[in-house]
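Participant: Listed below, chain by chain, are the residues.
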Amino acid sequence: EPEVTQTPSHQVTQMGQEVILRCVPISNHLYFYWYRQILGQKVEFLVSFYNNEISEKSEIFDDQFSVERPDGSNFTLKIRSTKLEDSAMYFCASSDYQNIQYFGAGTRLSVL
Amino acid sequence: GENVEQHPSTLSVQEGDSAVIKCTYSDSASNYFPWYKQELGKGPQLIIDIRSNVGEKKDQRIAVTLNKTAKHFSLHITETQPEDSAVYFCAASPNTGFQKLVFGTGTRLLVSP
Numbered sequence: 030e031p032e033v034t035q036t037p038s039h040q041v042t043q044m045g046q047e048v049i050l051r052c053v054p055i056s057n058h059l060y061f062y063w064y065r066q067i068l069g070q071k072v073e074f075l076v077s078f079y080n081n082e083i084s085e086k087s088e089i090f091d092d093q094f095s096v097e098r099p100d101g102s103n104f105t106l107k108i109r110s111t112k113l114e115d116s117a118m119y120f121c122a123s124s125d126y127q128n129i130q131y132f133g134a135g136t137r138l139s140v141l
Numbered sequence: 333g334e335n336v337e338q339h340p341s342t343l344s345v346q347e348g349d350s351a352v353i354k355c356t357y358s359d360s361a362s363n364y365f366p367w368y369k370q371e372l373g374k375g376p377q378l379i380i381d382i383r384s385n386v387g388e389k390k391d392q393r394i395a396v397t398l399n400k401t402a403k404h405f406s407l408h409i410t411e412t413q414p415e416d417s418a419v420y421f422c423a424a425s426p427n428t429g430f431q432k433l434v435f436g437t438g439t440r441l442l443v444s445p
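Protein sequences appear in the order of chains A and B. Quick note on numbering: the first sequence equals residues 30 to 141 in my numbering. Quick note on numbering: the second sequence equals residues 333 to 445 in my numbering.
These are calculated hints, taken from the structure and not from any lab test. Since this is a predicted model, take the numbers as computed values, not measurements. Backbone N, C-alpha and C fix where the C-beta goes; we use that ideal spot for every residue, glycine too.
Footprint (simulated), chain A over chain B, 3 or more residues, beta carbon under 8 Å:
no.: 1; region: 361–372
no.: 2; region: 376–382
no.: 3; region: 431–443
Derived SDA-like pairs: lysine to any residue, alpha-carbon spacing no greater than 20 Å straight-line:
no.: 4; chain 1: A; residue 1: K71; chain 2: B; residue 2: T356
no.: 5; chain 1: B; residue 1: K374; chain 2: A; residue 2: Q40
no.: 6; chain 1: A; residue 1: K71; chain 2: B; residue 2: L442
no.: 7; chain 1: B; residue 1: K403; chain 2: B; residue 2: R383
no.: 8; chain 1: A; residue 1: K71; chain 2: B; residue 2: Y364
no.: 9; chain 1: B; residue 1: K374; chain 2: A; residue 2: V41
no.: 10; chain 1: A; residue 1: K71; chain 2: B; residue 2: E371
no.: 11; chain 1: A; residue 1: K71; chain 2: B; residue 2: V352
no.: 12; chain 1: B; residue 1: K374; chain 2: A; residue 2: G69
no.: 13; chain 1: A; residue 1: K71; chain 2: B; residue 2: G333
Turn these sequences into a full structure, and let the hints guide you.
Facilitator: This is how it looks when you write it as structure tokens:
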């Protein structure tokens with residue numbers, strides 16, 4: 030069964046450092062998303078991406094965040110200068126035109 | 333914007349009992365309502381979804397009901413098993429094209445043998 034793949038599974042970084050979280054969406058999906066889940070809380074939308082541009086972003090997704098589809102298979106989330114409060118699980122999702130979204134296993138980001 | 337409320341936050345049942353989790357939403361434009369199961373350390377896994385043109389959908393031991401007038405939808409799990417223990421999230425989204433999912437706060441279901 031096709032699945033969304035995320036790497037790394039766990040990323041530890043120092044405050045102020047840049048991190049890049051990587052995702053390989055399901056191959057025939059065209060719509061991509063990043064969500065965040067702070068420990069013990071609900072899943073929150075960060076950004077959606079289609080046709081090589083951002084479709085929608087939440088207030089969480091400020092100038093420190095960016096997304097990119099550098100090639101035909103990868104979808105990345107970059108945090109330019111990490112803060113302690115960026116520590117969370119980050120989930121990538123992809124969907125077909127029916128908006129059925131499939132999630133990856135997530136990257137746990139720990140900012141020290 | 334959309335706001336999704338979910339109850340209860342925790343639910344403990346005995347194996348074989350039924351479990352019901354309820355969600356309400358605020359945006360009448362929402363037409364797509366998926367349910368996700370999240371096991372410890374894993375990503376949300378889609379278990380069932382419903383669109384506003386139907387009132388109920390079943391898949392083996394899992395069913396979802398939708399009341400668009402009252403803006404609420406529920407997940408029903410019958411004959412619960414210990415492996416059903418997880419956190420369950422409801423979500424809502426407009427059905428037009430692709431849209432973000434707005435999640436509820438989650439229900440931790442514990443099924444005791």
